[in-house]
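Visitor: Oh and the sequence shown: position 179 is 179 in the working numbering, straight run, nothing missing.
Simulated from the structure, these hints should not be mistaken for laboratory data.
Where a beta carbon is used, it is the ideal one built from N, C-alpha and C, also for glycine.
Incorrect hints may appear among the rest.
Claimed, not checked - Beta-carbon label-pair distances, calculated as ranges:
#1 I130 to V66: 20 to 30 Å
#2 D215 to H153: 21 to 31 Å
#3 D119 to E141: 33 to 43 Å
#4 G87 to G222: 16 to 26 Å
Stated by the list, open to error - SDA-like mimics (lysine to any residue), calculated; alpha carbons at most 25 Å apart, straight line:
#5 K76 to Q63
#6 K14 to A124
#7 K81 to H153
#8 K173 to D159
#9 K76 to F138
#10 K173 to H153
#11 K81 to P106
#12 K14 to P113
#13 K76 to L139
#14 K173 to V121
#15 K14 to A82
#16 K81 to R212
#17 K81 to F129
#18 K76 to Q61
#19 K14 to V121
#20 K81 to F138
#21 K76 to R109
#22 K173 to G222
#23 K173 to R212
#24 K81 to P126
#25 K173 to A75
#26 K173 to R105
#27 K14 to S149
#28 K81 to D108
#29 K81 to R182
#30 K14 to W33
#31 K14 to V66
#32 K173 to G125
#33 K173 to L139
#34 K76 to G125
#35 K76 to K173
#36 K14 to P195
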Amino acid sequence: MRPNLTIAWLYGTKMNIYGDRGNVMALAQRARWRGIEPEVVEVGIGAAMPDADIYFFGGGQDQEQVAVSRDLSGAKGDALKANVAAGAALLSVCGGYQLLGHEYRPYDRDPLPGIGLFDMVSEAGPERFIGNVVVESFLGELVGFENHSGLTHLGPGLDSLGTVRVGRGNNGKDGTEGAVWRNAIGCYLHGALLPKNPVLADWLIGAGLRHRHGDVSLADLGPLDDTVELAAHRTGVARAVRTR
1 MRPNLTIAWL YGTKMNIYGD RGNVMALAQR ARWRGIEPEV VEVGIGAAMP
51 DADIYFFGGG QDQEQVAVSR DLSGAKGDAL KANVAAGAAL LSVCGGYQLL
101 GHEYRPYDRD PLPGIGLFDM VSEAGPERFI GNVVVESFLG ELVGFENHSG
151 LTHLGPGLDS LGTVRVGRGN NGKDGTEGAV WRNAIGCYLH GALLPKNPVL
201 ADWLIGAGLR HRHGDVSLAD LGPLDDTVEL AAHRTGVARA VRTR
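Construct all of the structure, not just a fragment, from the sequences and the given hints.
Guide: See below:
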């Protein structure tokens, strides 16, 4: 029997800029290539939070963040936190990342409450960080593209995703990029991120499999030929080093 995996795409119609939908496509396709049956569930405003194995939460415009912040408050956000605490995997990017902290403080309106999954706060900054990024992470070298003016500050007990080698990262000052708590990752890396970083995609799929099936691992399902993906990764790193 083929193992199954549920991927929840949070607010895909509102929080989907800079090619972030490619992350959902990469997760589903890499699962299929390994004989896993993926089900992608889109979760919009007013919908209940499903018991998924992997959650993806992309970036959006500031006005979209207002509606999403309101919708995530209360039971819906609590359900997401509980599922991650129980072992589900999560990847959040930019605006989605900010709303998983305690709050995001825009320039021209009251702070938007987050759900506190990550011990961090974000605020609008005076400068926009735009360009290619290379991060040294616990999974090795990651490459992506940042385009944000938000400044994110991690709490003392929260691990970053990694150290910025090229680019600006969380706030342009402390050298950190992203955050990690259990199997949840937040970051400012657009791209889409996962097609060029198969090691991260597989880490999320592996965590999702353990959450759903317990005793199933990616190693049991065999490796994939990542020749194309790794070539894209190397090209992205070279471009980042050359242009920043």
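Visitor: Determine for every hint whether it applies to the structure shown.
Guide: Comparing the hints with the structure gives:
The hinted window of 20 to 30 Å between I130 and V66 holds, with their beta carbons roughly 23 Å apart. For D215 paired with H153, a C-beta distance near 39 Å fails the hint of 21 to 31 Å. Restraint check, D119 to E141: a C-beta distance of roughly 26 Å breaks the suggested window 33 to 43 Å. Checking the proposed 16 to 26 Å range against G87 and G222 shows it holds: the Cβ atoms sit about 23 Å from each other.
Pair hint K76 plus Q63 holds up; C-alpha atoms about 20 Å apart against a cutoff of 25 Å. Of the pairs offered as hints, the one joining K14 and A124 holds, with about 20 Å between alpha carbons and a cut-off of 25 Å not exceeded. Using a Cα cut-off of 25 Å, the hinted pair K81 and H153 holds, with the two alpha carbons roughly 20 Å apart. A distance of roughly 16 Å separates the Cα atoms of K173 and D159; the hinted pair therefore holds under the 25 Å criterion.
At most 25 Å may separate the alpha-carbon atoms for a hinted pair to count; K76 and F138 exceed this at roughly 30 Å. Using a Cα cut-off of 25 Å, the hinted pair K173 and H153 holds, with the two alpha carbons roughly 10 Å apart. For the suggested pair K81 and P106, the alpha carbons sit about 24 Å apart, so the restraint of at most 25 Å is met. With a C-alpha separation of about 18 Å, the suggested pairing of K14 with P113 holds against the 25 Å cut-off.
Using a Cα cut-off of 25 Å, the hinted pair K76 and L139 is violated, with the two alpha carbons roughly 30 Å apart. Our distance criterion of 25 Å between C-alpha atoms is met by K173 and V121, whose separation comes to about 15 Å. Between the alpha carbons of K14 and A82 the distance comes to roughly 24 Å, so the proposed pair stays at or under 25 Å and holds. For a cut-off of 25 Å, the pair hint linking K81 to R212 stands: about 17 Å separates their Cα positions.
Pair hint K81 plus F129 does not hold up; C-alpha atoms about 29 Å apart against a cutoff of 25 Å. Proximity of K76 to Q61 is assessed by CA-CA distance (about 21 Å); at most 25 Å being required, the pair is judged to hold. At roughly 22 Å between alpha-carbon atoms, K14 and V121 fall within 25 Å of each other, so this suggested pair holds. Restraint check for K81 and F138: the C-alpha separation of about 23 Å stays at or below 25 Å, so the hint holds.
Simply put, K76 and R109 have alpha-carbon atoms about 23 Å apart, close enough for the 25 Å limit, and the pair holds. Only pairs whose Cα atoms come within 25 Å are accepted, and K173 paired with G222 is rejected, the gap being roughly 41 Å. A threshold of 25 Å between alpha carbons decides the hint, and for K173 with R212 the separation of about 39 Å lies outside it, so the pair is violated. Among the hinted pairs, K81 with P126 is inconsistent with the structure: their alpha-carbon atoms are about 31 Å apart, more than 25 Å.
The hinted pair formed by K173 and A75 fails the criterion: a straight-line CA distance of about 35 Å is larger than 25 Å. Proximity of K173 to R105 is assessed by CA-CA distance (about 18 Å); at most 25 Å being required, the pair is judged to hold. Between K14 and S149 the CA atoms are separated by roughly 19 Å; this keeps the pair inside 25 Å, and the hint holds. Between the alpha carbons of K81 and D108 the distance comes to roughly 29 Å, so the proposed pair goes past 25 Å and is violated.
Of the pairs offered as hints, the one joining K81 and R182 holds, with about 11 Å between alpha carbons and a cut-off of 25 Å not exceeded. Distance check on the hinted pair: K14 and W33 sit about 29 Å apart at the alpha-carbon level, beyond 25 Å; violated. Between the alpha carbons of K14 and V66 the distance comes to roughly 11 Å, so the proposed pair stays at or under 25 Å and holds. Pair hint K173 plus G125 holds up; C-alpha atoms about 12 Å apart against a cutoff of 25 Å.
Our distance criterion of 25 Å between C-alpha atoms is met by K173 and L139, whose separation comes to about 23 Å. Simply put, K76 and G125 have alpha-carbon atoms about 29 Å apart, too far for the 25 Å limit, and the pair is violated. At roughly 33 Å between alpha-carbon atoms, K76 and K173 are farther apart than 25 Å, so this suggested pair is violated. Proximity of K14 to P195 is assessed by CA-CA distance (about 22 Å); at most 25 Å being required, the pair is judged to hold.
Of the numbered hints listed earlier, those contradicted by the structure are 2, 3, 9, 13, 17, 22, 23, 24, 25, 28, 30, 34 and 35.
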